[in-house]
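Please work from the sequences and hints to get the whole structure.
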Amino acid sequence: MDSMSTPRAEGPPTETEKPVGCCHYKRKSKLLAPCCNKVYTCRFCHDESENHQINRKEITELVCALCNTRQNVQSNCINCGVLFGKYACLECNLFDDDEKRQFHCKGCGFCRIGGADRFFHCNKCNMCLPIKLKQGHKCVENVSRSNCPICFEDIHTSRIACHIPPCGHLLHGPCYEELLGNGLYACPICQTSLMDMQRLWKHYDMKIANTPMPPEYRNYYVEILCKDCHKESIVKFHVVGFKCAHCGSYNTCRNKGPVTLRGCFRTGIRYFALFCNLLISMTRKIFTAIPYLFLIYDTEQAAPIGNSNEEIRESDVENLVENPE
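Numbering (numbering that gives the first Met the number 0), first residue to last: 0 to 324.
To be clear, the hints were calculated from the coordinates, so they are not data collected in a lab. Treat the hints with care, since some could be wrong.
Calculated lysine-lysine pairs in the DSS-like style (CA-CA distance at most 27 angstroms, straight line) [claimed, not checked]:
1. 105 with 131
2. 133 with 123
3. 105 with 85
4. 226 with 123
5. 133 with 105
Label-pair distances were calculated between CB atoms; the ranges are [said to hold, decoys possible]:
6. 114 with 217: 53 to 61 angstroms
7. 272 with 173: 47 to 55 angstroms
8. 279 with 255: 18 to 26 angstroms
9. 149 with 122: 25 to 33 angstroms
10. 68 with 135: 46 to 54 angstroms
11. 283 with 137: 47 to 55 angstroms
Built from N, CA and C at the ideal position, the CB exists for glycine as well.
See below:
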């Protein structure tokens, strides 16, 4: 049976707890910065006020926020006995009264939030990943030891959650959403598609089917490279895009060579091009041999004019032709 009670008047609770902490953490302790010997509530408050950064693992002393007792790093105050934080990590010198499912990752070397049961540490990627990716994800060695390719901020120690695309490279979640909002669907690092693009590729198919090229361009083909499957193919030229002949992706680019014709004129154009190349090659050989022909002719004409007792032997002419210098 539910108990009956009168409603309470609007107002603050009868017992209020003294607000402690800062805009970053709710805690009942302050840290003594070993670098400048100043007291701050947390390392973020220190870094925002000073022109240098603090190493959280070098902190050895705390100050109780309730009784102002200076003491070594520990979970409870030695004077008033207050618990500095509901979550306490003495390795990272971290104290927090907010429940964020914090856990310390030995592989990363610091604390993360979200629950240890939801994440695992990949030794090759060298970072914590969602547990659903444990059996199948593309490892990229030390992928988090780099900056976000969009905002160029650090990823490994970032407080912003990262998006993990199929290629394995990491982007900050807000940066990923901004990238898609601007109509960019390729990874800024490797240029592969950031998501399943089959719906967009079908839209491109319909657009190409409803937008035929002019008759003079219908038999043009180009050689392309697919950025998703990394294979080359020769496909029909279209202003909308080039569809990979292997995986059907439109995430492609022109690889090499000019636009070529196929169809009734292809064979004739190819043989004509071969004939032109042969003609150019023969012309080059002829013009290369012309200086040697003139040299032989001048040698034969100059022999009788010189001393009649000296004769130029044929071997000397051959040596002169082979070594004109």
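Do the hints match the structure? See the list:
1. 105 with 131: Satisfied, since the Cα-Cα distance of roughly 20 angstroms is no more than 27 angstroms.
2. 133 with 123: It holds: about 12 angstroms lies between the C-alpha atoms, which stays within 27 angstroms.
3. 105 with 85: This hinted pair holds, its Cα atoms lying about 20 angstroms apart.
4. 226 with 123: Judged against 27 angstroms, a Cα distance of about 25 angstroms means the pair holds.
5. 133 with 105: Distance of about 18 angstroms is within 27 angstroms: holds.
6. 114 with 217: 53 to 61 angstroms: Once the Cβ atoms are compared, 59 angstroms apart, the range 53 to 61 angstroms for residue 217 and residue 114 holds.
7. 272 with 173: 47 to 55 angstroms: holds (53 angstroms)
8. 279 with 255: 18 to 26 angstroms: holds (21 angstroms)
9. 149 with 122: 25 to 33 angstroms: Distance hint for residue 149, residue 122 holds at roughly 27 angstroms.
10. 68 with 135: 46 to 54 angstroms: 52 angstroms Cβ-Cβ, so the 46 to 54 angstroms window holds.
11. 283 with 137: 47 to 55 angstroms: holds (51 angstroms)
The earlier numbered hints are all upheld by this structure, with none contradicted.
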